[in-house]
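Visitor: Kindly produce the complete structure, drawing on both the sequences and the hints.
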Amino acid sequence: MNGVFRTVLSMSLSGSLLVLLLLLLRPLLRHRLSQRWWYYVWLIVIARLLLPLTPPASLMGALFSPTEVSPPAVFGEMTPGHTVPAWSGMDSGAIISAEDDTATLNTAPSHIALPKLLRQNIGLAWLMGSLLLLLRRATEYQSFRRFLRAAGRPVDNPALLDRLALLGESMGVRRPVELWESAAISTPLLLGISRPCIVLPHLNLSEEDFRYTVCHELVHCRRRDVITKWLGQLTLCVHWFNPLIWQMIREMDRSCELSCDEAVTASLSAAECRAYGDTLLRAAGQAGRVPAASLTLSESGKLLKERLDAIMNNRNTVKMSSAMSLLLALLLTAGAITAGASTDPRGTAAPDSPADPNAPAMNLPMGNVPVVIKGDADTAFRYTQEVYNQSPWFFELCWNVNEKAGGYYPSRIVPLSSGDEITVYYDEICSNVMENPEALDALATLLESLQKESKDTEYPLKRALLLSVRRIDTHSSYSELAEQAYQEGSISTFSTTFASLSENEQRAYLNRCYDDGHISLFAAAVFRLPKSSPLINEFAQKSYEDQYISFFSVLVNGYMDPKTAETWLNRAEQDHRASFCSVLYKALGRDEELEAMEAELDRQLAEEYQAHGITIDGKNYYYQGQLVHIFMDKQPNKSFYRLDMNPLGTINIKLLRGEDGQIQGVDYMTEAEVTELFGDNK
Amino acid sequence: MIQPASDSELALMQIIWSAGGRAQYAQIMEELAQSGRLWQKNTVITLLSRLVEKGLLSVNKLGRRNEYTAVVSEADYQASQAQALVNKLYAGSAKGLVATLIQQDLLFPEDYAELKRFWEGKET
Chain A
1 MNGVFRTVLS
11 MSLSGSLLVL
21 LLLLLRPLLR
31 HRLSQRWWYY
41 VWLIVIARLL
51 LPLTPPASLM
61 GALFSPTEVS
71 PPAVFGEMTP
81 GHTVPAWSGM
91 DSGAIISAED
101 DTATLNTAPS
111 HIALPKLLRQ
121 NIGLAWLMGS
131 LLLLLRRATE
141 YQSFRRFLRA
151 AGRPVDNPAL
161 LDRLALLGES
171 MGVRRPVELW
181 ESAAISTPLL
191 LGISRPCIVL
201 PHLNLSEEDF
211 RYTVCHELVH
221 CRRRDVITKW
231 LGQLTLCVHW
241 FNPLIWQMIR
251 EMDRSCELSC
261 DEAVTASLSA
271 AECRAYGDTL
281 LRAAGQAGRV
291 PAASLTLSES
301 GKLLKERLDA
311 IMNNRNTVKM
321 SSAMSLLLAL
331 LLTAGAITAG
341 ASTDPRGTAA
351 PDSPADPNAP
361 AMNLPMGNVP
371 VVIKGDADTA
381 FRYTQEVYNQ
391 SPWFFELCWN
401 VNEKAGGYYP
411 SRIVPLSSGD
421 EITVYYDEIC
431 SNVMENPEAL
441 DALATLLESL
451 QKESKDTEYP
461 LKRALLLSVR
471 RIDTHSSYSE
481 LAEQAYQEGS
491 ISTFSTTFAS
501 LSENEQRAYL
511 NRCYDDGHIS
521 LFAAAVFRLP
531 KSSPLINEFA
541 QKSYEDQYIS
551 FFSVLVNGYM
561 DPKTAETWLN
571 RAEQDHRASF
581 CSVLYKALGR
591 DEELEAMEAE
601 LDRQLAEEYQ
611 AHGITIDGKN
621 YYYQGQLVHI
631 FMDKQPNKSF
641 YRLDMNPLGT
651 INIKLLRGED
661 GQIQGVDYMT
671 EAEVTELFGD
681 NK
Chain B
1 MIQPASDSEL
11 ALMQIIWSAG
21 GRAQYAQIME
31 ELAQSGRLWQ
41 KNTVITLLSR
51 LVEKGLLSVN
61 KLGRRNEYTA
71 VVSEADYQAS
81 QAQALVNKLY
91 AGSAKGLVAT
101 LIQQDLLFPE
111 DYAELKRFWE
121 GKET
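So the sequences go chain by chain: A and B. No gaps in the numbering here: position 395 of the first sequence is 395 in the numbering used here, and each next residue is one more. No gaps in the numbering here: position 71 of the second sequence is 71 in the numbering used here, and each next residue is one more.
The hints are simulated quantities; they were obtained by calculation from the structure and are not laboratory data. It is possible that some hints are incorrect.
As the list claims (entries may be wrong) - Partial selection, computed: residues in chain A whose CB lies under 8 angstroms from chain B:
| no. | residue |
| --- | --- |
| 1 | 152 |
| 2 | 154 |
| 3 | 156 |
| 4 | 161 |
| 5 | 162 |
| 6 | 165 |
| 7 | 166 |
| 8 | 168 |
| 9 | 176 |
| 10 | 667 |
| 11 | 671 |
As the list claims (entries may be wrong) - Residues from chain A that keep clear of chain B, each with C-beta distances beyond 10 angstroms, as calculated:
| no. | residue |
| --- | --- |
| 12 | 143 |
| 13 | 158 |
| 14 | 179 |
| 15 | 266 |
| 16 | 529 |
Only a predicted model underlies this, so the values are computations on that prediction, with no experimental measurement involved. We put the beta carbon where it would ideally sit given N, CA and C, even for glycine.
Guide: So, in structure tokens, the structure goes:
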């Protein structure tokens, strides 16, 4: 058994080297590599830790041999009775014995009984530990399953099972997935390998929460994360004596959740990502205790925070190419193989992980006015990124980057005329400009004015990062730059150049945004207009007439003076344009009127429905005495008046409206229409 | 003891019973669609495997198709559920159940007469 343990020890050490390497690399590279990479890379380490494969001439072989030829050093095998040479110099007992020979002969055996026994049976001790841990994990899991079953029941509602099935289909999980509800847990989780089962703490979820929760668990299911979890637990059972492996399992669990979020949010828009984050938060509640080998939607608060952060920032970080990621993984595999057999087992008592999970990293969100809080209170920093026009220079600047930016970027201290100085980190593409005294002067002037402006806000300028610089000499080059920015959709550059254009040019761009439906560019441009600009009312007029509510709402929100807004409100009220009224009420802060109007609209709609035989009772719709499953009321222009779903209902109905918007009748929905509706939800 | 089926599961059992206690998956889907239940494939598979687990159905592979056979007949199922109902609501007294049925006009005089004939036939 000691021989087996020796092999395990050697695997533990070479595995530890890999773990240590990855833990050290993680803070440096974690945003450069996808979360998926950080998850699957642990499988290489697990392979190293579980497979006793060693090439004939391994890197560690050389280090391993000297300890092998000095048997008594640590793990030497000893023959019983041949005690003195073996324990001399080993423990204090030996030193005492040198003072009194006779006493030693009598007392020594009891002194050394335990360590000797341990040394002789170290392999057995390891095996016992492994088996005990394995047994514990298995029984823990079994009793947890029983507990879940006792406090839960299978979900019987076919509408929910259908939604699960459709989501599974859309995410490439073809096999049936069980759905349970159990009050025994506080967060959703996935169990089982051959028959996967999603367990929800309760079914009182909004449609959105249900979708995101199930999506998350389905990603776990598709990637067979439960198998990976068990592999991790198995590794832990073999290497239970190695604290680094415990740390590795913690890291693995974390990257499992992070990479799962990454997979779920990959195809989501920023707003949907936020909604997904909200779901995580709601699911968090109070984190209950769950066994190691199940997959939960949310864990402890710290991990949750990291996950929320990653969800919102993932898309903004610069990732290594997939070829580079693959190369790194291959290198690591090669390293794992050549590490082979290891040396001195004392090496396993390595220090704990130096990785700081909260190590701040550079995140540069795109967009015109992002203000983000990152990390814990002491490491928190806020930053913004914007293009500034300090004629004739255009500086793309963000502040306040973290001080650690120094590790990634060259820097220069820019003295201000006030006597202050500001550290400016800069991208290498700006290094030429950083040598240009004229540009430095302009930058200093810009920084000084920004510092002055931001001094009394809760977000004063401290450290700046210069991302790009452009020199704009003539007016025509403004137009060129604006055109380029428009075509590239680069919002901050467009918005800055837009401010320097003539009114006619501005009008032309606003028209283009309007016609192309570029609402974000439109908003960035309108933001640059002075409040008195006639363009605001001009486009308000246009969007009001076209009933283009989204553009109208951009103009009203923040950019229109209240008096003009009042005038528009009067007109919208007269024209009975409810959606315009609601935008205006909101912008003017008239919440009570808004609520009253919405209630009135609800009442009117209910009356209209009543006239066609549909009664509403709370959230339930009834048609011809039957509870409605799907209720659809579509406007001729495709937007919805109402779309409601009640899983308990039995019939699907739709309202027929004419071109004038009047209800003409009620009809049952065809199967195709229902499918189409679900299709939109995928 | 026969385990009770849930509402959705019962719908599937009824289809299999009315098909003579044996039905293939495709047949079940067809029957479901005809009764207006447009359930997803995996929904039905999940419900069917729950029934197999409860011991109400057994499954045979016919090539690549699954054929489901009712292990419990409809009459046996009704009997066990009725027994459970009587035990639970009427403390084991079937008389109480009959009284309720008559009081609620759920049992018509002609039904009652037929029952009586059935009972007397049994006695002789």
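Visitor: Each of the hints needs a verdict: does it hold here or not?
Guide: Okay, the hints, checked on the actual structure:
1. 152: Check failed: Cβ of residue 152 of chain A comes no nearer than 13 angstroms to chain B, outside 8 angstroms.
2. 154: holds, 6 angstroms
3. 156: holds, 4 angstroms
4. 161: At about 4 angstroms, which falls below the 8 angstroms cut-off, the nearest Cβ of chain B leaves the hint on residue 161 of chain A intact, so it holds.
5. 162: holds, 5 angstroms
6. 165: Where the cut-off is 8 angstroms and the nearest Cβ of chain B is about 4 angstroms from residue 165 of chain A, the hint holds.
7. 166: At about 6 angstroms, which falls below the 8 angstroms cut-off, the nearest Cβ of chain B leaves the hint on residue 166 of chain A intact, so it holds.
8. 168: holds, 6 angstroms
9. 176: holds, 4 angstroms
10. 667: Where the cut-off is 8 angstroms and the nearest Cβ of chain B is about 15 angstroms from residue 667 of chain A, the hint is violated.
11. 671: holds, 6 angstroms
12. 143: holds, 20 angstroms
13. 158: violated, 5 angstroms
14. 179: violated, 7 angstroms
15. 266: holds, 24 angstroms
16. 529: holds, 52 angstroms
Of the numbered hints listed earlier, those contradicted by the structure are 1, 10, 13 and 14.
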